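Asker: Chain by chain, the residues:
There are 2 protein chains.
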Amino acid sequence: MEKERGSGRILRPAITVDAGASRRQFLRMAGGGAALAATASGFAAEPLPVAESARVLGKPVAADPYGQPARFEANVIRRQSPGLTRTNESSIAFAPLQNLFGIITPNGLHFERDHNGRPEIDPATHRLAIHGLVARPKLYSMDDVLRLPSVSRIHFIECGANTGMEWGNAAVPTVQFTHGMLSCAEYTGVPLSTLLDDVGVDAKRARFVLAEGADGSALTRTIPLSMALDDVLVVYGQNGEMLRPENGYPLRLVVPGVQGVSSVKWLRRIEVGDQPWHTREETLHYSDLMPDGKSRQFTWIQEAKSVITSPSGGMTLLDKGGYYEITGLAWSGRGRIKRVDVSTDGGRSWGTATLQSPVERKALTRFRADWVWDGAPALLQSRCIDDTGYVQPLLRQLREVRGTRSIYHNNAIQTWQVLANGEVRNVQV
Amino acid sequence: MEKERGSGRILRPAITVDAGASRRQFLRMAGGGAALAATASGFAAEPLPVAESARVLGKPVAADPYGQPARFEANVIRRQSPGLTRTNESSIAFAPLQNLFGIITPNGLHFERDHNGRPEIDPATHRLAIHGLVARPKLYSMDDVLRLPSVSRIHFIECGANTGMEWGNAAVPTVQFTHGMLSCAEYTGVPLSTLLDDVGVDAKRARFVLAEGADGSALTRTIPLSMALDDVLVVYGQNGEMLRPENGYPLRLVVPGVQGVSSVKWLRRIEVGDQPWHTREETLHYSDLMPDGKSRQFTWIQEAKSVITSPSGGMTLLDKGGYYEITGLAWSGRGRIKRVDVSTDGGRSWGTATLQSPVERKALTRFRADWVWDGAPALLQSRCIDDTGYVQPLLRQLREVRGTRSIYHNNAIQTWQVLANGEVRNVQV
Chain A
16 MEKERGSGRI LRPAITVDAG ASRRQFLRMA GGGAALAATA SGFAAEPLPV AESARVLGKP
76 VAADPYGQPA RFEANVIRRQ SPGLTRTNES SIAFAPLQNL FGIITPNGLH FERDHNGRPE
136 IDPATHRLAI HGLVARPKLY SMDDVLRLPS VSRIHFIECG ANTGMEWGNA AVPTVQFTHG
196 MLSCAEYTGV PLSTLLDDVG VDAKRARFVL AEGADGSALT RTIPLSMALD DVLVVYGQNG
256 EMLRPENGYP LRLVVPGVQG VSSVKWLRRI EVGDQPWHTR EETLHYSDLM PDGKSRQFTW
316 IQEAKSVITS PSGGMTLLDK GGYYEITGLA WSGRGRIKRV DVSTDGGRSW GTATLQSPVE
376 RKALTRFRAD WVWDGAPALL QSRCIDDTGY VQPLLRQLRE VRGTRSIYHN NAIQTWQVLA
436 NGEVRNVQV
Chain B
16 MEKERGSGRI LRPAITVDAG ASRRQFLRMA GGGAALAATA SGFAAEPLPV AESARVLGKP
76 VAADPYGQPA RFEANVIRRQ SPGLTRTNES SIAFAPLQNL FGIITPNGLH FERDHNGRPE
136 IDPATHRLAI HGLVARPKLY SMDDVLRLPS VSRIHFIECG ANTGMEWGNA AVPTVQFTHG
196 MLSCAEYTGV PLSTLLDDVG VDAKRARFVL AEGADGSALT RTIPLSMALD DVLVVYGQNG
256 EMLRPENGYP LRLVVPGVQG VSSVKWLRRI EVGDQPWHTR EETLHYSDLM PDGKSRQFTW
316 IQEAKSVITS PSGGMTLLDK GGYYEITGLA WSGRGRIKRV DVSTDGGRSW GTATLQSPVE
376 RKALTRFRAD WVWDGAPALL QSRCIDDTGY VQPLLRQLRE VRGTRSIYHN NAIQTWQVLA
436 NGEVRNVQV
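Going down the list, the protein sequences come from chains A and B. Take the working numbering: the last position of the first sequence gets the number 444, and nothing is skipped along the way. Take the working numbering: the last position of the second sequence gets the number 444, and nothing is skipped along the way.
The shape of chain A in the complex, shown without the other chains (with noise of 0.2 Å):
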């Protein structure tokens, strides 16, 4: 590695990863670290001898009306976690947060949890019911749904089993398993309250909505109808196009800084009423155990939360000290992300971390932070603060009030150990 290095900035190739955690598809591509020594050779020849692409004709603009990834990026995709559920009808795929840059996740990487599979709807036939406690019940088409005042805005999903294998044990090896069912994009919909004020919600009994999908389990969740009348979303846009088939095409809520279940996909039916429903899923599931063996049930809002994305487990720090950029995400559901605070000595000291705007509302907020690593073993966490003050708690914090039984809800803190041969991994402090 003899390449000649100017500025304390620029500093030598240093990740390399494990199949299926990478942070970025080129280092398992080029072959770590021997491939990157080449890079070194140097630079005295001009000019520059002609590049291999430059020799031939290119592909033609029509070549994909609509683009693909590059084939090297062929290993970024959405995986499942091996045994985590019994069908891949009811199960999850996790988004590659360690291969992602800033914000907004790629419609083809959003995480996608389903209870009976993925339907597909045709939009021509598809319609939307809003009944119960109302004036003037009325069945939506699309084409009704899109002709409505529209608003567009950035927001995380979260399902509320994020990190929950983590309840009991540093449990998966790599942050898109830990973390993964979290993407955020610009969704663009009509208001809820738009159409509750076009049926005539009965304001004097109505309390709660209930929203039902249209897919085999008929998800449905309870949601106050103070948070309906607040910044609940009827979407059927997704960073600029139409809503992904495995993301609720055509129509779904978004329920904002809300577990991902109430953003009911594939949505059919909304049922105005005087008290929750009590369906399957928000009691048999997405309630919290405690330790006493009761439940808590309708604990809706995900709350402040962070995670580094980088380095995180299953990468390799290749070179034995230098300079590293500690990245990661942050987003809370009850609004903005105030504050990051990164720690590489399992947090007896923090750092404070830089906020890459927009900073928006219940949506990703992207943080940054400078390391030089000194070669020894380190401890990198990231705690984030809310714009209500609350702050990120330890795992063991959670596990004093929450026991280890629970699914739902962990915000804990993240640790990720570095090794001093350069390997992180996930563990509990």
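Just so you know, the hints here were simulated from the structure itself, not pulled from any lab data. In this text the structure is predicted, and so the values were computed from the model without any measurement. Idealized CB from N, CA, C, for every residue including glycine. Careful, some of the hints might be misleading.
[As the list claims (entries may be wrong)] The calculated SDA-like cross-link candidates involving lysine to any residue, where the alpha carbons are at most 20 Å apart (straight line), are:
1) B:Lys353 - A:Pro373
2) B:Lys74 - A:Gly98
3) A:Lys74 - B:Asn103
[Said to hold, decoys possible] Chain B regions said to be covered by chain A (calculated; three or more residues, Cβ under 8 Å):
4) 72-84
5) 111-119
6) 123-132
7) 281-287
8) 375-389
[Claimed, not checked] Restraint-style ranges between C-beta atoms, simulated for each label pair:
9) A:Pro64 - B:Thr403: 40 to 46 Å
10) A:Arg363 - B:Ala150: 36 to 42 Å
11) B:Thr298 - A:Leu63: 20 to 26 Å
Got chain A; can you put chain B on it based on the hints?
Answerer: Chain B in isolation, oriented as in the chain A frame:
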């Protein structure tokens, strides 16, 4: 159409479209008014019948590790303008602005402009050279670049020739072809200033940099050093994932606010010099032919511009009168959009549109305005003002200075005429 309507905001389905011009795919799928009328059959029977999609097991979550649009959206694609270019390799694929929501262009629909086709580049062998008036010329591998401190920002990219056909007359029928050389994404990369700092720019002599692509056209563009040190990015990430091949994979320049050709794709070389290079793509092309036969050169900036994307050319308003949402995009190469005005009478009177947040610098801004059409012929226009105070000009104001033979930098107010029968067409007033 007997559907009950309770609120003035909720209106009858109203827009249908020509092939290739749909705002939203449903409109064609649903067969226009006939199918929509079927939705008006009312909502008397409860409970709702079980949805067909709920009677079957859906696809497993592993069905597509990298997701794709619904098959019903197959018509929402990039398109070439028939006859515009002589080859498909030096050509343009326009983004379907009439189909897009919000400000993010999904990567599959980002417009494509190639000068010698789209090369395929292996990131493992790709190198970026930085040389010229520098202390330490260097070759960077992709791993080298990926190790550097990164930033993410939302920016538009607009080809300098966007809307170029309109210099002469209202030449093309839809907003995809009038304004579709325009897209917006969250880009992630390294500030060019970081790389220039690493190689040690000769501060006394350096005034310009040259960027060169690795495609067969060896596309080259001069960029002032002051601009290069300001907000220019060497980019590898687009909307969270690696660049797509057609957008410069694995590395491109993004020169915010400047005509797209300067955001050199497949970036392989940056040379630092003391004067402009006057290459082919900044002399023969991408210069502005004035009425006196001389050309303006190095007209970098894309001045403030806006366009209504719905209703827009090729659509038909099905209902004679009633509510329509007017929506579109505004952007400025100089900074933020401050205000957008909308007129429905060809500019005699104006109302202020709502701007969707976030409103970012040198990024698309989504605007919306309510419109109750009285059924008479109308002329729809939008006019934006950026935070420098610059007001988007009329076409005749541009022509007074630059004549009608220009190709580039047409940022005039666009007019869509709504006929009494509801048809919308491209006109010049």
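Asker: If a hint holds in the structure, say so; if it does not, say that too.
Answerer: How the hints compare with the structure:
1. For the hint pairing B:Lys353 with A:Pro373, the CA-to-CA distance comes to about 17 Å; that is within 20 Å, so the pair holds.
2. Distance check on the hinted pair: B:Lys74 and A:Gly98 sit about 18 Å apart at the alpha-carbon level, within 20 Å; holds.
3. A hinted pair counts as satisfied when its Cα atoms are at most 20 Å apart, and A:Lys74 with B:Asn103 qualifies at roughly 8 Å.
4. With 13 residues having a Cβ less than 8 Å from any Cβ of chain A, the segment 72-84 of chain B passes the three-residue criterion, so the hint holds.
5. Counting residues of the segment 111-119 of chain B whose beta carbon lies closer than 8 Å to any beta carbon of chain A gives 6, which reaches the threshold of three, so the coverage claim holds.
6. Given as covered by chain A, the segment 123-132 of chain B passes the check, having 8 residues with a CB less than 8 Å from a CB of that chain where 3 are the minimum.
7. Given as covered by chain A, the segment 281-287 of chain B passes the check, having 3 residues with a CB less than 8 Å from a CB of that chain where 3 are the minimum.
8. Using a Cβ-Cβ cut-off of 8 Å, 4 residues of the segment 375-389 of chain B lie near chain A, which meets the minimum of three, so the contact claim holds.
9. A hinted range of 40 to 46 Å holds for the C-beta pair A:Pro64 and B:Thr403, which are about 44 Å apart.
10. Checked against the given bound of 36 to 42 Å, the beta carbons of A:Arg363 and B:Ala150, roughly 40 Å apart, stay inside it.
11. The given range of 20 to 26 Å is respected by B:Thr298 and A:Leu63, whose C-beta atoms sit roughly 22 Å from each other.
The structure fails none of the hints (numbered hints given earlier).
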